[in-house]
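There are 2 protein chains.
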Amino acid sequence: MPDPTRLSINQICVLPQWSLAQAIEGLARHSVPAISVWREKLHEIGLAEARRRIDGTGLAVSGLCFAGLISSADPAEAAKARDDVRRAIDEAAGIDAACLVFLSGGVDARDKDLAATRARVLDGLAQLEDHARGAGVVIAIEPLHPMACVTRSVLTTLKLANDWCDALGAEDVFGITVDAYVTWWDPELPQQIARAGKRIRAFHVSDWLTDTQDLRLDRGMPGDGVIELPAIRRMVEAAGYSGHVEVEIMSARNWWKRDPDDVVRTIKQRFVTEV
Amino acid sequence: MPDPTRLSINQICVLPQWSLAQAIEGLARHSVPAISVWREKLHEIGLAEARRRIDGTGLAVSGLCFAGLISSADPAEAAKARDDVRRAIDEAAGIDAACLVFLSGGVDARDKDLAATRARVLDGLAQLEDHARGAGVVIAIEPLHPMACVTRSVLTTLKLANDWCDALGAEDVFGITVDAYVTWWDPELPQQIARAGKRIRAFHVSDWLTDTQDLRLDRGMPGDGVIELPAIRRMVEAAGYSGHVEVEIMSARNWWKRDPDDVVRTIKQRFVTEV
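Top to bottom, those sequences are chains A and B. Position 181 of the first sequence, counted from 1, bears residue number 181 in the numbering used here, the numbering being contiguous throughout. Position 17 of the second sequence, counted from 1, bears residue number 17 in the numbering used here, the numbering being contiguous throughout.
One or more of the hints may lead you astray.
Intra- or inter-copy, both count: the list cannot distinguish identical chains.
Derived DSS-like pairs: lysine-lysine, alpha-carbon spacing no greater than 30 Å straight-line [what the hints assert, rightly or not]:
{"hint": "1", "residue 1": "K257", "residue 2": "K112"}
{"hint": "2", "residue 1": "K159", "residue 2": "K198"}
{"hint": "3", "residue 1": "K41", "residue 2": "K268"}
{"hint": "4", "residue 1": "K112", "residue 2": "K80"}
{"hint": "5", "residue 1": "K112", "residue 2": "K268"}
{"hint": "6", "residue 1": "K112", "residue 2": "K198"}
{"hint": "7", "residue 1": "K268", "residue 2": "K80"}
{"hint": "8", "residue 1": "K112", "residue 2": "K159"}
{"hint": "9", "residue 1": "K112", "residue 2": "K41"}
{"hint": "10", "residue 1": "K257", "residue 2": "K80"}
{"hint": "11", "residue 1": "K257", "residue 2": "K198"}
{"hint": "12", "residue 1": "K159", "residue 2": "K257"}
{"hint": "13", "residue 1": "K268", "residue 2": "K198"}
Keep in mind that the hints were calculated from the coordinates and are not lab data. Being a predicted model, the structure only gives us computed values, none of them experimental.
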């Protein structure tokens with residue numbers, strides 16, 4: 001059973017129902033220890049107001065989601081995307097987030113060269129090192145599920161994330177987000193979690209439903225699917241991670257249609273029985 | 001450009017439109033060199049009739065699709081599934097198919113133990129060796145896309161397929177199907193195709209659409225998506241494969257609604273320009 005004080009709830013679990021102000025108030029009311037903030041909601045109220053409200057509740061911030069998508073083959077587009085990551089780094093510092101979750105961006109139809117796209121993203125990450133160090137923010141690169149390779153992430157495996165961290169060689173600035181939903185299928189998962197070790201800066205959980213109907217927005221509540229979440233959590237802990245365990249469920253057909261207080265209550269229950 | 005005499009069209013490209021008899025006649029009429037047969041369509045007309053019609057046209061048979069799904073934790077269910085694979089082996093022999101495409105089966109909600117499921121499938125495969133050798137049929141195990149891990153295949157990477165072939169140690173009987181659609185995202189693809197070498201007994205192509213809407217039935221026509229098909233084909237050829245290149249498109253929202261003769265004409269055109 002996970003330590004209940006390590007629970008974080010990603011705001012995306014109740015994205016359509018609650019503003020950031022409502023999410024901060026709601027999670028605090030339910031005694032949830034930590035929140036992960038979604039950038040579009042942060043922008044609605046602004047950094048200072050978000051900071052004031054978070055400080056008022058004592059909620060920890062396990063992460064800011066997300067920045068990145070720097071994979072474009074067009075140099076101007078890629079530079080603009082990197083500038084946006086720098087803004088996100090400042091935002092993460094401003095709300096004292098444990099990390100900034102980074103998504104690489106996908107390969108697009110104009111440029112089918114996957115190896116070149118990956119090389120571009122790795123080069124772009126290196127250009128963000130100084131800004132992140134200056135702000136005291138860890139960029140936690142997140143491999144996504146291979147089904148997101150064209151839309152969001154050419155970083156498709158934890159092995160590649162480890163390879164990129166080896167290449168970047170700046171462990172104070174670059175870490176890894178391990179998400180059980182996007183990595184559970186990987187035969188190399190135990191070895192690559194062990195290899196990641198202290199690089200792990202965020203750990204996300206949700207469940208894979210047997211009747212999954214959408215490539216992005218059909219994640220399940222822990223316990224409703226097939227992922228061995230306790231086993232993966234124990235691997236991550238054995239690797240040295242002791243931060244928050246963040247429940248991150250995008251669910252257009254189910255949880256996004258529910259009463260948000262019920263969503264939070266269910267997450268709290270399932271966290272102790274299924275994670 | 002691929003050798004046009006190596007084109008095979010998987011019957012599933014026109015599954016709802018044509019019976020097996022119609023597919024055999026249609027592909028022969030369009031001078032397509034080879035067909036890959038879908039078992040449910042074979043059962044409609046029976047093995048003897050299928051053999052007679054195929055022989056009458058001179059079509060080669062690049063594969064029989066598919067058998068497997070032997071992953072159940074229930075011993076009786078698993079034994080029944082293995083018996084069905086044995087029937088499929090006999091069918092593959094009966095139509096002189098170059099291989100029998102094998103799908104492992106997924107992990108189910110009753111048994112979330114992915115490692116144990118994989119071990120069961122590998123053990124089940126070993127039990128099929130003698131029957132396959134007796135029939136002179138190659139079982140071409142196919143890793144599927146990780147998004148099929150719960151529905152169809154705990155075999156999620158080409159690396160694991162190679163590991164299984166190492167463990168099985170019967171290269172005359174067990175080979176590998178490389179499908180570009182389900183493996184293109186894999187950072188290890190070049191190394192694992194090279195490692196597979198002569199194990200490659202089938203090579204399937206289709207394209208990943210940027211707006212993919214379904215986890216199984218939304219494959220694209222070569223050229224309509226983002227996969228570098230010529231690059232992957234060249235890797236497979238460099239590994240020593242010189243068999244048919246099989247176009248396999250399941251497309252519920254597009255190609256399954258088209259005139260089947262148009263589908264075949266389009267495949268023939270795209271094969272030389274996009275594969």
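The hints, checked one at a time:
1. K257 / K112: between (37 Å within a copy, 28 Å between copies)
2. K159 / K198: Close inside one copy (15 Å) and across copies (26 Å); limit 30 Å.
3. K41 / K268: Result: close within a single copy only, 23 Å intra versus 49 Å inter.
4. K112 / K80: within (21 Å within a copy, 43 Å between copies)
5. K112 / K268: between (43 Å within a copy, 22 Å between copies)
6. K112 / K198: between (34 Å within a copy, 27 Å between copies)
7. K268 / K80: neither (39 Å within a copy, 42 Å between copies)
8. K112 / K159: Intra 22 Å, inter 23 Å, cutoff 30 Å: intra and inter.
9. K112 / K41: For K112 and K41, the Cα distance exceeds 30 Å both inside one copy (33 Å) and across copies (35 Å).
10. K257 / K80: neither (35 Å within a copy, 42 Å between copies)
11. K257 / K198: Neither. Shortest intra-copy (37 Å) and inter-copy (52 Å) distances fail the 30 Å Cα cut-off.
12. K159 / K257: Result: close neither inside a copy nor across copies, 36 Å intra and 40 Å inter.
13. K268 / K198: Intra 27 Å, inter 52 Å, cutoff 30 Å: intra-copy only.
Hints 7, 9, 10, 11, 12, counting from the list given before, are not met by this structure.
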